[in-house]
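Could you put together the complete structure from these sequences and hints?
All letters in the sequence shown, in the order written, are residues 929 to 2073 by the numbering used here.
Simulated from the structure, these hints should not be mistaken for lab results.
Nothing here was measured: the structure is a model prediction, and the numbers come from that model.
Heads up, some of the hints might be wrong.
[What the hints assert, rightly or not] Cut-off 30 Å, straight-line C-alpha distance, at most; resulting in silico cross-link-like pairs (DSSO-like, lysine-lysine):
1. 2029 - 1998
2. 1850 - 1998
3. 1850 - 1124
4. 1448 - 1472
5. 985 - 1026
6. 1055 - 1026
7. 978 - 1015
8. 1845 - 2029
9. 1310 - 1326
10. 1055 - 1106
11. 1310 - 1599
12. 1843 - 1310
13. 1430 - 1399
14. 1483 - 1399
15. 1567 - 1472
16. 1336 - 1326
17. 1448 - 1336
18. 1055 - 994
19. 1115 - 1850
20. 1300 - 1326
21. 2052 - 1845
22. 1026 - 1106
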Amino acid sequence: MQQNAASNPFSMVAAYGDRPQMGLDVEFGSDPASGAAFFQSDGRKHDDLKQMLDSNKDGLKLEAMKRIIGMIARGRDASDLFPAVVKNVVSKNIEVKKLVYVYLVRYAEEQQDLALLSISTFQRALKDPNQLIRASALRVLSSIRVNMIVPIVMLAIRDSSADLSAYVRKTAAHAIPKLYSLDAEQKDELVMVIEKLLSDRTTLVVGSAVMAFDEVCPERVDLIHKNYRKLCNLLVDVDEWGQVIIINMLTRYARTQFVNPNGDEDADMAADAGSQGGANHERFYDESSPDEADDQQDHEKDEDDEKSHESVQNNGVTSNSPSTSYHIDVDHRLLLRQTKPLLQSRNASVVMAVAQLYHHVAPRHEVQLIAKALIRLLRSHKEVQSVVLNCIASMSTKRKTIFEPHLKSFFVRTSDPTHLKLLKLNILTNLASASSISLILREFQTYISSNDRSFVAATIQAIGRCAASIKEVTETCLSGLVHLLSNHDEHVVAESVVVIKKLFQTKAAEHYEIITQMAKLIDFINVPAARAAIIWLIGEYNEKVPLIAPDVLRKMAKSFVDEQDVVKLQVLNLGVKLYLTNPQQTSLLCQYVFTLARYDCNYDVRDRARFLRQFIFPSNGGGQTMLSQHARQVFLATKPAPLPESKYRDSNNFQLGSLSHYLNMPATGYKELPTFPAVAPDPTVRNIPGFMQEKLSINSESPLKGSGTGAGATGAGSGENSSSKEQRKERNFLSDDEDDKSSAYSESSSSSSSTSSDSNSTDESSNEDNPVEVARQKPKPKESTPKLINDNDVVEKAVAVNNQSRDGNESGTSDSEESSEYSGSSSSSSSDEPEEQQQEAKKQTEKPVAAKPTPTAKSNLDLLLDLDDIPPIGPVMTPSLGGFLTPGTPLVAQTQAGQATGGLELVGPSYIEFKHKQLLNKVSGHGLQLAYRFTRAPHLYSSSMCSIELQFQNCGPNEITNIHLGQRTLPAGMQLNEFSPVAQLQPQQLASGVLGIDFNDSTHAIDLELVSSAGNSRVQLKPPVGELVRAIQIPESHHRDERAKLRGMNEHQCELRGLRRDLIDVTSLKQKIFECLNVAHTHSSTTGQLHCFAGQTLSSKSLVLLTLQWQSDEALTLLVNCEKMVIGSMVLNELRNALQLSFSM
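This is the structure we're talking about:
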């Protein structure tokens, strides 16, 4: 009996009631819920859960459902439990029932037959008093994809759309697309339900209703007309997911209902482009300068007063053509104003949605405010950065000026992944201009030394694009690229050759000596693209190098069989061109090359050979043919220079932020963004019945209201009083530079007169410190006209509260006027006081402002998005001490800001060792050889880690796989970041990896175990003391002060004799110090007697100050000051030995 009980752990369930109960009626020591049978065989792996679900105890059922939901969350299949679970749908326990519904939503579509058996239960649950049960039942019903229950689901959706619970109505909106995908014939009935849900005023429902609208009937814009203003006003209170959905829908709506606000500017740009004619080379940089944009914006402001009354009377369109003088519609302005605060959202998707809205529908001069919001997102996760940078790269091709002030935000960091580096590189190239090119080239110069080959290649291409686009730096870039031809990295040389080939076409007449230098590289470069570029250059300009071109053809004929296909094709072109210009020397070579190509294994090469042979070796036996007569015009014609264009230019065809835009190709389900109409549709379709009559009655009783800006003001277009003109000079955080047209909708779409109690309370709270303003805005008796609920009340209150939190240095008058400006255009102009009293109160209010000028206050939006004071996250790649791309022009003043502050500034290393040292020989490594070098660059994982480049080489005859680190022995305080495992290594193949080690400012060796398929090997890595330091730059005074603090035991000194000052070059002395220690030269005395260097330890950031001073012509004093006494002593010994070995007589 005991043996049977032991073999079946569930045999004790029957006696479960005989034991005392605890908690959830579960005793985990012996009951099935304890998971004792979790590792049973597959045939019985769920028997324990089935028995628990069949139990009559709610505690066991609840525990079983929790385990089942946990299985589903981990991706495990739980479909075989469907019969046992579905029986519990009638459970009285609310917690069990909710989990059962969660399970059924997941598996109802797979187990349709069994789910149909419980349809009656789901229908009863739709009448359950608990709103969560009603919503869950509807969710399960809509998940059963069986045509026969479509009428049942349709009835459930119709009833739920009128439910008292907003959560149930939201679930009904989510069920609509499911039913539509199951049976499209129900569209007419579903549209009626959508119309009802769109009119819902609950923020929880609105987002889901718009989602259902987009899925079922996006063409029915008539459903949006009467809800448009409500959606705009409720936008700030909708959940973040709903905000994204609504903004995307309103973007498409605005593109169909409003005229292009930039139509006149686009027409002018098109006219300018047509008049310029041949200015195709400026196509990549087609944005106007910042000064021109500012002048245009000021011009628009000056003309705004003259156009406002005329445009209002014509419903937003003046009497002229809409493409030349369109005044923005009040509903268009409402959309832009209500979405502007969402740029401060913590959700990146919401910010991106607002950014694409402004990009596609806003006036051009207003789009600049999204720049700071997008820059803020670059402090987010890598995935968010990728999407945002992709959008900025696309926008920067057309809106270059709005991102130019934030140029440094796109500098590449060493911690960035490669795809982010490439995006930032493209943006920097797009933003390059004559004023910023020196700073950008200095940054590019640093990127060349990166270990990321694809990033280095893209940097070289970017230099070429800058050189081709900005003529002032073409010579500097070309000489820098030629300098790279002597680089030790073959891939850098190859990419430089390709870029020079493109750049050379624009400067061919001036630099023929470059062709000679590149022809010498044909024996050393193995990259096919580079070899093909060199051969093309030699063939194109063979008449300029008549002695070199035939010899290059001779070399290529010898190696023709072993060349890649792209090189073979260029060799054939070279042979034809040389035959046409120098047939005496190249005739036989051409015949030989074409004979080889005729029998090549690649059909492209064979076809090209047959085609080109007819130009130089006609088949008619030497007679002239039509092809041979025109061969020189075909092959030796002048080729146009390539245009430098961004690859993101074509992505502007897609909606910003969409998947299609990110992929630069149409994705499944993508809908083209509609174009603006030539003439604006009737704007009265958005008027709510009864609203305009009320507005007109108010205007008839109070002629002073509105100042001519309201949509219903018929006689207010003659002019404005001086008070309203003065108020327009001050801006609040939601008002733009459109003067009165910014607040046109605030007056026309809300009843924010002085009779509104909400408006009065808002004004009183914002003006409590200003008695004059309070007296001026004293509430009046209520008017007899009916009053509608104001949709903007919530927004107005929020704006008033936000305005109270501004800088305390501002006067109360400024705050009160700004806070009241948004809530109804002007509180003073909407009261019933005489105009003279209003002007008098205005003068009294402005006196303290005029007497004591106050600093210009930033709006809440500017304060939140001001990124100038936010330090960058992670190490920044800093330029080295000069280089080949350093232009002769001085850098902008901002580059000196770091030195002006008097603080520490991290700089790049002055010397990098490229030679690898052996760490593991091939004998001890069983055929695997390992070498290493310190890159002197901060590691991606942590800036306190040394970055060590490992080079693996398979010196054996067999393949080695799975190379990784095994056991490692790390002293206390040290940390290690492993290199990426090497999957396989063929014989004689090389592979590299980057190891990061935080040595904790210690030279103790660490033991590592290298594991591979060849065997295990132990290695010991000990860092030189010079690699534990990072170079910094500090001012001379700071260096002197810090050295004075580090006296006594923190100071180490020695005197080197036997050195002759007149025989030692200062440059050689500095170079030897840089080789031993990663420090930066801070300053030297004018006589050359004193030289100072500075650095800091990687781990503890302790200063390492080095001073060299000649006491006499044969005695050099070496002084090291460091808070770490051991480090200072070791640095002194290292430098002393190195200097004595190199310079002692």
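A quick look at each hint next to the structure:
1. 2029 - 1998: Holds, at roughly 23 Å.
2. 1850 - 1998: The given pair, whose Cα atoms are some 37 Å apart, is violated under the 30 Å limit.
3. 1850 - 1124: violated, 78 Å
4. 1448 - 1472: Cα-Cα ~16 Å, so holds.
5. 985 - 1026: holds, 17 Å
6. 1055 - 1026: It holds: about 15 Å lies between the C-alpha atoms, which stays within 30 Å.
7. 978 - 1015: holds, 11 Å
8. 1845 - 2029: holds, 27 Å
9. 1310 - 1326: holds, 25 Å
10. 1055 - 1106: holds, 21 Å
11. 1310 - 1599: holds, 28 Å
12. 1843 - 1310: violated, 34 Å
13. 1430 - 1399: holds, 15 Å
14. 1483 - 1399: The given pair, whose Cα atoms are some 36 Å apart, is violated under the 30 Å limit.
15. 1567 - 1472: holds, 16 Å
16. 1336 - 1326: Holds - the C-alpha atoms of residue 1326 and residue 1336 are around 19 Å apart, at most 30 Å.
17. 1448 - 1336: Given pair residue 1448, residue 1336 is violated - Cα atoms ~39 Å apart, limit 30 Å.
18. 1055 - 994: At roughly 26 Å apart (the allowed maximum being 30 Å), residue 994 and residue 1055 satisfy the hint.
19. 1115 - 1850: violated, 73 Å
20. 1300 - 1326: Roughly 17 Å separates the two Cα atoms, so the pair holds.
21. 2052 - 1845: holds, 28 Å
22. 1026 - 1106: holds, 21 Å
In summary, the structure is inconsistent with hints 2, 3, 12, 14, 17 and 19 from the numbered list given earlier, while agreeing with the others.
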